[in-house]
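Asks: Take a look at the letters that make up each chain.
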Amino acid sequence: MFNGVDLIQSAMGVSSVTANVIANNVANADTPNFKASYVIQRVEENPKKVVPDIVTDNSTSISNDGNNVDVNQQMALLAQNTIRYQTLALLASMSFKRYADVLRSS
Amino acid sequence: MSLFTAMNISSSGMTAQQFRVDIISNNIANANTTQTPEGGPYRREIPIFAERFKSAMGGSSPYGVEVVKIAQDKAPFQEIYDPSNPNANKNGYVEMPNVNVLREMVDMIDAQRTYEANATVISDVKTMASAALQIGK
Amino acid sequence: MVNPINPITPISTGTAPSLNSNQGGPDFKKILENAIDKVNSTVQNAEQMSQDFATGKTSDIQGVLIAAEKADIMLQLTDEVRNKIVSAYQDIMRMQI
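Residue numbers (our numbering), protein chains in the order written: chain A, 1144 to 1249; chain F, 71 to 207; chain H, 1026 to 1122.
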């Protein structure tokens, strides 16, 4: 019955993992040899949900201490992630409101 | 992994940057210190950061940053000619700390920016949490 | 002389208008069914769009939210129409004949 909401919930979970990964990247912006990680969202079926895959970017280096965190890029990702989370929360809320509307009208 | 984890991670980042500013201000304050308890002029200090992990069930997950040690800059001291200085050697040269104030200032701006980035993460995560609180209202 | 009483003739031999007869206008039941179908498809579309957003297939925030808002309004409208129909039915039931 709540398939749609369950999917949204799993997407919000992925979003919150993304926030943690970004927070860790920013906190380690000055740690020598630290490599930034990123979250890739993977879709699973039956029941339909999304799960986070954390990958570490070992390929690049933007400073000479082996660290590859680009704080500006992390800030952009963070802003995107926050908007995404807010939208998902709103969608979940509206979905519940629809159920409530139908229930109240009988 | 909850949203609180992200807040804790960012706060560790803020603490680390604050510590870095402490070290930088100590370097600047001692830019002209020619005597130390260990003997010789003051050596520039550098905080060394390392990624921190939290051991959870069946593994460990990243949990921010920590200061593992305070290293000393191995760069040679600057020598300036000042025969009247009590610390001058027999040729009239005084060893001055290997602190470059200009470089410390640049480091301080960098620390300040990173501190702000960490604070931004906390504030955005807070926005996310309040969005979640609005579900069902 | 007494005349026999004439048998009573029916007042009218015409048939009463049937409730089911199609008077040229569209069938009320059909209209209702179509309206409900439309509401249902709007709601399903909103669900599909928010699923696509959750799986990352689209990032069209305004499209997703407008679809969801449409579904909300459609449901509220349906509720309102239903209330009107029920009250009309009750009015007819109370009618003195």
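Calculated from the structure, these hints are not laboratory results. Please note that a few of the clues may not be correct.
[As the list claims (entries may be wrong)] Some but not every residue of chain F turned toward chain A, in silico, with C-beta under 7 Å:
1. F74
2. T197
3. A199
[To be verified] As a list, the in silico DSBU-like pairs of lysine-lysine whose alpha-carbon atoms are at most 35 Å apart:
4. F:K124 - H:K1055
5. F:K144 - A:K1192
6. A:K1240 - H:K1055
7. F:K124 - A:K1192
8. H:K1055 - A:K1178
9. A:K1191 - F:K196
10. H:K1109 - H:K1055
11. A:K1178 - F:K207
12. H:K1095 - H:K1082
13. H:K1082 - A:K1240
14. H:K1054 - A:K1240
15. F:K196 - H:K1095
16. F:K144 - A:K1191
17. A:K1240 - F:K196
18. H:K1055 - F:K196
19. A:K1191 - H:K1109
20. F:K160 - A:K1178
21. A:K1191 - H:K1082
[Said to hold, decoys possible] On the chain F side, residues computed to face chain A include the following (Cβ under 10 Å):
22. L73
23. M77
24. S81
25. R90
26. A120
27. A145
28. M178
29. A201
30. K207
Virtual Cβ for every residue (Gly too), placed ideally from N, Cα, C.
Asks: So, for every hint listed, does it hold in this structure?
Replies: Verification of the supplied hints:
no., hint, verdict
1, F74, "10 Å, violated"
2, T197, "6 Å, holds"
3, A199, "9 Å, violated"
4, F:K124 - H:K1055, "63 Å, violated"
5, F:K144 - A:K1192, "54 Å, violated"
6, A:K1240 - H:K1055, "28 Å, holds"
7, F:K124 - A:K1192, "27 Å, holds"
8, H:K1055 - A:K1178, "64 Å, violated"
9, A:K1191 - F:K196, "28 Å, holds"
10, H:K1109 - H:K1055, "17 Å, holds"
11, A:K1178 - F:K207, "41 Å, violated"
12, H:K1095 - H:K1082, "21 Å, holds"
13, H:K1082 - A:K1240, "24 Å, holds"
14, H:K1054 - A:K1240, "28 Å, holds"
15, F:K196 - H:K1095, "30 Å, holds"
16, F:K144 - A:K1191, "57 Å, violated"
17, A:K1240 - F:K196, "24 Å, holds"
18, H:K1055 - F:K196, "51 Å, violated"
19, A:K1191 - H:K1109, "39 Å, violated"
20, F:K160 - A:K1178, "50 Å, violated"
21, A:K1191 - H:K1082, "14 Å, holds"
22, L73, "5 Å, holds"
23, M77, "8 Å, holds"
24, S81, "9 Å, holds"
25, R90, "7 Å, holds"
26, A120, "6 Å, holds"
27, A145, "16 Å, violated"
28, M178, "13 Å, violated"
29, A201, "4 Å, holds"
30, K207, "7 Å, holds"
Going down the numbered hints, you'll see the structure goes against 1, 3, 4, 5, 8, 11, 16, 18, 19, 20, 27 and 28, while the others check out.
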